[in-house]
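J.: Take a look at the letters that make up each chain.
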Amino acid sequence: MKNDCSYIGCKQEFIDAKEKVTGKAKYLDDMTLPGMLYAKILRSPHPHARILSIDVSAAEALPGVKAVLTAKDCPNNRFGLEITDVTMLATDKVRYVGDEVAAVAADTEEIAEEAIKLIKVEYELLPVVDDPEKAMQPGAPLVHENVKNNIAKEYHLSRGNVEEDFAKCDYVFEDEFSTHRASGCYMEPFGAIAKWEENGRLTIWTGLQSVFQGRNEIAKALGIDPTMITVKSPFVGGGFGAKIWIRNFHPIVAVLAKKANAPVKYVLTREEEMLTTRPRVAPRIKLKLGMMKDGTLVAKQATVIADNGAYSWAAPKILLNLSMRTDCLYRFKSTKTDSYLVYTNLIPTSGFRGYGNSQMHFALESFIDTCCRKVGLDPVEVKLKNAVQQGDLTLHGWKIKSCGLKECIDKAHKYIQENRLPKEDQNGRIKRGIGVACMTHVSGNRGGDKFDGSSAMIRIHEDGKVFVFSGEADLGQGSRTVFAQIAAEVLGVNISDITVMPLDTDVSPFGLGTYSSRVTTVGGKAVYLAAQKVRKQVIEFASKKLDKPEDKLIIKNGNIVFTEDETISITLKELCNLGIRTREAIPFTAYITYDPPTEGTDANFYGDYSSAYTYGAHGVEVEVDTVTGQVKVLRVVAAHDVGKVINKNGVEGQINGGVAQGIGWTLYENMVFDNGKPLTNGLKNYILMTIKDMPKIESVIVETNDPIGPFGAKGIGEPTLIPTGPAIANAIEDAVGVRIKDLPIMPENVFWAINEKGDKQ
Amino acid sequence: MKVENYLIPKTTQEAIGYLRQYSGEAKIIAGGTDLMLWLKEGKVQAKALIDVTEIDDLRHITFTGDKLIIGAAVTHAEIAANKDIQENFSSLSDGCRYVGSPQIRNIGTVGGNIVSAQPAADSVIPLIALGARCEILTQDGIKEVLLEELHEGVGKSKIDSTKEILLRIIVTKPERKYGTALTRFAAREALALPMANAAVKLEVENGKIKDARIAIAPVAKTPFRPKSAEEYLVGKDINESDIAKAAAKLASQEANPRDSLLRGSSKYRKALVEDLVNKALDIAVTNILQDVEVQ
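Protein chains in written order, with this note's numbering: chain X, 1 to 761; chain P, 1 to 295.
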């Protein structure tokens, strides 16, 4: 790949890698403030119960306890996103195991823990509803008394006329799929430190993916103005979507800190993470697909009943993505979706890498494969035949400005067929197969007519060092490095001369945060434009000082050089010093607010809403032990259209991580509940893959040079796990002829499916 | 009750003295890979912990040619790395290699695994199939008990670690030609408790099976020996095809695992048991035919 850039497209070591691997990078739990107290939260042991009384007297009497809170001590403000159904601490009843009931701040964690145990809560147990379909039935117990039939949200979307189109199709298929709750399991447990400053303002240190949204939600919960709060972000050890939004503990630590008149720190234990960290929305999906004999996909209809859990958070938006996005993967003539988000007494669901899109991809990409097999069509040819292309206007109004879908499908399919292992082993006990699935996702997502942009500031100091400010969070994915590369490339300086500043809502430019795979595309574009603006100041002033025309000057390795005679130059350091420390008074500072040129959506969710649409396909080879049903992924070919690579290391890291999480979601990870009680708390029973389970991953990078993203770049964070699940399910059918339609695909499910098939034959 | 004291005796006499001194409120700790979690969760309480890992007596593996003696505070990693055990008791060597992760194997001990009495402990199942005996220091002196008789229930051993100290595990090497094997099925390749495991030992004379011991878990509250399968095997010619298959079927019929939301249905685990016993017997027979385990 030819590359005219100095930094863009290379394998750039993360700028903060040394701090991290030497253990010097400060994460929240590394921080201590003078006089700081430690918080613990009492959580509900019951999935559904009325609180009759809470007695905190023994906890308050324990030496070392500085504050004890129940709901009556907290501002009585409901918060949450679209549906404000959350209170800081439970008021009248608890709705899932883990629901916050009371909180304590004490001199040590141990004292706080002991105090929590001294709080006496009297509960009246209520009937538990742990299944969304049952929850919708009339007469089912209500999770929130004011919400009829437990339906938190519903969507009814229709494009074209599916009824007419199904009637004309050669084949119409119907089936049902489901996906389950999986936990983010980021390495760094979530937490916060709250401190009320002498001037009456509140500082919160916390590793959020979206600091400005977080600041405003905390303000909403506390009932104060957002600018009374400063959110500062230490290093963040992963989030995967589960750290986009605040949790109850954020306002709780603030109230504790106020009551105790001291800074308060709270960090979740791993058990609490498993109990309360918002997992994937879990839907049941009925699909109907109409196609022609030649493989043309005509119409798609879906009915979705999704498990919301006890509170809503981002699940309504996730259900919307789930209901829409796959309609734009192929050139369907018509689509119709009716979807329902239903309260249950299980852990609330919310955003997790893929944000709903992954769930529907599992269903659709599994379904197309199995339908094609039934009528003797090659699923890969069908995908290629129907794939959206550059220039398309999709059913939902997306304008496809760059699209490498066909190339991704083609390459994933081609490479997975190469160097295959034998189809059988151990006298037929082991059977191997391959499968392919593809996907589409977004790079940013305009909600209605709202802002979907990002801001950036760049300031060059008098020593020529460049400081980059952005409002977007680096949770480990490497956006700091991407921003540094973009600034270094535009400004012609060495990357080591660039500092990307940590997030601080008082100082950082406004940004929406790290979600929708938007940071490189939208945040990166803001940095790019800010760098261009500050470059203009540099060139203008250099032109004056060197007495050469602006268009004959370039910046190279930190020097401003006259292109016709390179001996005529001035260092950036010298120039900046001259500009700043003299009466020239050059700012060498630029602030940009960028909003991508997309339309947004109308009331019916129609419209072009993302800066860029991304595409990818995974080819997977699996082996199945036909005696035990155990599935092993042997190889994954992951082809992704990233527009243009900014950091090859970052892209490959995202692919490796996404594939690992995709396999984990499909074959290993499962949150198991018994009548509302979670059985998989902690990492002993919640099975994450280890390095020994990881297959070989071959990354195939497809560059389509998007016309809007910085240098042509599109997002890659979420796309990397979206096609993995259905590709695995497709490979299993290829290997042993059984179709598993419900996630997770556990050995026992495969075992019974193989046995049932054997019985039928 | 909170842990107030952590004691590190150098001799077994000193250790048993501490136990007596705390009269039931102190507990023996070795690697602590189970105990620390249980203390944290409040499942176990103790006023003092008595760490036996610095008692030299408990830290050695001795193989005399006909007897293997393993000190109770020997780690899984040490057993897995021991050449004599690899050559003579491959099932035990394999079992210790499957335990947890490198960190857990480096600190967790075989004695701890026995006293923790988890039904499917990967080091204990092969020891039961090997007919291991345990030497226990009680307040009244030393007693020797068959390992499989020590299990009382899930997480419950007859060894009371507030009063007694497990000293060593003794495995007698069979006088006849023999073979051992351990098989397991787990949710992932490392750091996972088995959904089922099976260990076997076969003794053979003139090509005929003279003694068969099979241990499987977790199919009951304690490690389980399918007697019908063992009896079936005795007297069979090891070259006879399908004896492993038939014995495995019997073992599976006899086993009675419960339905578990986490580990699978009873029926499924019976199928796993059949496969694991079958595979373990196949490996043991192959080992005998190829003289892998000496004699």
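Since the hints were derived computationally from the structure, they do not count as laboratory data.
Note that the coordinates shown come from a computational prediction; the quantities given were computed from them, not determined experimentally.
All residues carry an ideal CB built from backbone N, CA and C; glycine is no exception.
Wrong hints could be hidden among the right ones.
[Said to hold, decoys possible] Computed footprint of chain X on chain P; a stretch qualifies when at least three of its residues, placed anywhere within it, have a C-beta under 8 Å from a C-beta of chain X:
#	stretch
1	186 to 192
2	258 to 270
[Claimed, not checked] DSS-like mimics (lysine-lysine), calculated; alpha carbons at most 25 Å apart, straight line:
#	chain 1	residue 1	chain 2	residue 2
3	P	K245	X	K684
4	X	K632	P	K221
5	X	K168	X	K195
6	X	K120	P	K267
J.: Run through the hints listed earlier and report the numbers of any the structure violates, in increasing order.
T.: Of the numbered hints given earlier, those the structure breaks are 3, 4, 5, 6, listed in rising order.
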